[in-house]
Amino acid sequence: MILARAEQATRRYGDVLALDRVDLNVPAGELVGLLGPNGAGKSTLLNLLVGLRRPTGGRVLLFGGDPRDPACRRWVGVTPQETGLPGSLRVGEVVDFVGAHFPDPVPRAELLDRFGLADLARRQTGGLSGGQRRRLAVALAFVGRPRLVLLDEPTTGLDVEARHALWDAIRAFHADGGTVLLTSHYLEEIEALAQRVVVIGQGRVLADDSVAAIRAVVGLRRVSLTADDLPTLPNLVRVERDRERIHLLTADADQLVRDLVTAGVAFRDLEVRPTSLEEAFLTITAESRPADAGVPTTA
Amino acid sequence: MQYALAHARYQLLELVRTPVAVFGSAFFPAVAMLFFVVPAVGDNPVGATYATAAMVTFAVLSANVFQYGVGVAEDRAQPWDPYLRTLPVGPAPRFAGRVLAGLTLTYLSLLPVVLIAALLTEARTTAAGFALAAVAVALVSVPFTLMGLAIGYALPSKAAIVVAQLVFFPLAVGGGLLTAPGQAPAFIEAIAPFLPTRGAVELMWTAVGDFRPEPLSMVMLGVWIVGLAALAGWAYRRDEGRRFS
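Chains A and B, in that order, are what the protein sequence lines are.
Per the working numbering, the first sequence starts with residue 1, numbered consecutively.
Per the working numbering, the second sequence starts with residue 1, numbered consecutively.
FYI, nobody ran anything at the bench for these hints, they're computed from the structure.
Be a bit skeptical, because a hint or two may be false.
Unchecked claim - Chain A stretches covered by chain B per the calculated footprint, using a threshold of three residues with CB under 8 angstroms from any CB of chain B:
no. : stretch
1   : 97–107
2   : 209–216
Said to hold, decoys possible - Derived Cβ-Cβ restraints for the label pairs, each shown as a range:
no. : chain 1 : residue 1 : chain 2 : residue 2 : range
3   : B       : Arg17     : A       : Ala251    : 52 to 62 angstroms
4   : B       : Ile191    : A       : Ala121    : 54 to 64 angstroms
5   : B       : Leu13     : A       : Ala172    : 45 to 55 angstroms
6   : B       : Pro19     : A       : Asp113    : 26 to 36 angstroms
7   : B       : Glu214    : A       : Arg12     : 48 to 58 angstroms
8   : B       : Val226    : A       : Pro103    : 34 to 44 angstroms
9   : B       : Leu13     : A       : Gly39     : 33 to 43 angstroms
10  : A       : Val16     : B       : Ala92     : 41 to 51 angstroms
A quick note: this is a predicted structure, and the numbers were derived from the prediction, not measured.
The beta-carbon is built from N, C-alpha and C at its ideal position, and this holds for glycine as well.
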């Protein structure tokens with residue numbers, strides 16, 4: 001069963017095309033990561049899927065229906081990118097209030113305990129730290145015993161320990177049969193949680209594959225060197241020249257260096273660095289564009 | 001209904017945590033009572049009763065225009081508001097909850113006015129008149145609630161505060177809330193029937209004394225309610241579409 005679906009979903013804001021004919025299926029039981037740089041359209045896609053906005057083209061389905069129909073949101077839990085909890089309410093009151101929208105909410109104490117917030121039930125949310133507030137916002141997604149949760153950058157602003165605790169909670173939900181669609185900037189987070197990754201850039205789906213396959217693409221190394229001339233080398237993803245400096249993007253830096261030495265290239269100032277996620281995105285983005293489009297700029 | 005109560009409870013909790021909000025809407029009508037009504041007509045039973053009813057209308061106007069106009073505009077600026085729209089409940093309970101909480105606050109803000117009238121003036125009405133007036137308050141809240149919602153959904157919060165203030169005072173004076181029936185300057189008597197405040201105060205006067213409402217004021221009150229409902233509905237739908245762009 002497909003719990004969330006986008007068919008050729010397009011969303012414009014005035015002149016800006018935030019989503020461009022996006023297809024996405026989230027079947028029951030999957031844990032799908034949406035990966036992409038800022039402004040790629042991840043949040044817009046989530047907002048379409050929960051009915052906050054209407055697509056300007058194509059359609060979105062949630063549990064087979066229009067997400068703007070409240071009944072279709074019955075089994076969905078959401079954590080938006082921005083928390084914005086009502087500052088004067090206490091943690092327990094917020095949980096009770098959100099829970100009141102569901103027929104069979106998780107009891108307050110149980111939910112707070114699961115997310116390590118039990119000691120904070122009496123605190124006003126305005127007095128919480130950023131990380132505590134974020135944890136509460138994620139906990140709220142689970143209060144209605146959802147079958148699908150949509151988490152928009154759930155661990156932004158959390159320290160390592162809190163991040164891992166949240167990951168455990170998300171994994172436990174998935175192990176119980178729950179379905180998760182989460183967005184992230186961090187490849188590490190997607191790798192830790194997801195089985196499937198959808199890479200979004202400039203409003204389009206650039207890749208939709210297993211974590212291993214995506215890692216092969218984005219797990220590139222950048223080998224930089226200074227040399228006058230290079231022979232043809234195998235396994236290069238991309239070559240960039242910056243005056244006499246040459247940057248080679250490859251999946252296997254060790255082999256590339258061996259090839260350079262074997263070929264007798266007179267290089268100096270060799271540097272090998274992992275590519276940032278941003279560079280990886282640029283690579284995928286560049287491949288998806290017409291060859292004459294030049295170097296893409298980041299959003 | 002259960003959802004509406006949850007929302008009303010949540011709204012009232014927020015209000016109670018910032019008591020100044022409650023205090024603010026009760027303050028002006030109470031002060032106006034002390035400064036204008038008590039010294040001027042305090043010892044005249046009929047005059048004091050009508051003046052008190054006018055002050056009650058004044059309090060209803062200010063409580064509703066400000067709490068909805070400013071409150072809704074401020075809520076819309078918070079990410080919490082779109083979050084609530086992802087919950088599996090439509091907008092109606094949220095709306096009903098807000099109105100329930102608003103009505104509660106309105107009645108609260110009337111307490112000082114009624115107390116001052118009872119203790120410091122000769123204003124008197126029957127038990128039936130008092131009960132009728134309490135019902136009239138809910139009725140009279142309708143146009144001003146709609147006005148506040150229209151302002152709140154149409155404007156960002158900084159503009160909403162200004163517009164609420166701009167609208168509020170001319171409506172109060174122009175509708176004759178600060179003058180006894182038939183005692184206002186001629187030009188106010190002329191424009192008053194066309195303002196919603198006039199129809200509102202005439203309903204209050206009818207509830208507490210033997211006043212006969214003017215047909216023109218009643219018809220215009222109905223016209224205002226329809227017009228403001230359309231405006232509020234338009235602002236609400238427009239807001240749903242473009243809130244985030």
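Checked hints:
1. As drawn, the stretch 97–107 of chain A meets chain B at 5 residues by the rule of a beta-carbon pair under 8 angstroms; at three or more, the given contact holds.
2. Counting residues of the stretch 209–216 of chain A whose beta carbon lies closer than 8 angstroms to any beta carbon of chain B gives 0, which falls below the threshold of three, so the coverage claim is violated.
3. In this structure the hint that arginine 17(B) and alanine 251(A) lie 52 to 62 angstroms apart at CB holds, the actual value being about 57 angstroms.
4. For the pair isoleucine 191(B) and alanine 121(A), the beta carbons lie near 55 angstroms from each other, so the given range of 54 to 64 angstroms is met.
5. Against the hinted window of 45 to 55 angstroms, the Cβ-Cβ separation of leucine 13(B) and alanine 172(A) comes to about 32 angstroms, which falls outside the hint.
6. Hint check: proline 19(B) to aspartate 113(A), Cβ distance near 33 angstroms, so the stated range 26 to 36 angstroms holds.
7. Restraint check, glutamate 214(B) to arginine 12(A): a C-beta distance of roughly 52 angstroms satisfies the suggested window 48 to 58 angstroms.
8. Look at valine 226(B) against proline 103(A): about 37 angstroms separates their beta carbons, and that is inside 34 to 44 angstroms.
9. Evaluation of the 33 to 43 angstroms hint for leucine 13(B) and glycine 39(A) yields a pass: the beta carbon distance comes to about 37 angstroms.
10. Distance hint check: the CB atoms of valine 16(A) and alanine 92(B) are about 33 angstroms apart, inconsistent with the given range 41 to 51 angstroms.
When each numbered hint is compared with the structure, violations occur for hints 2, 5, 10.
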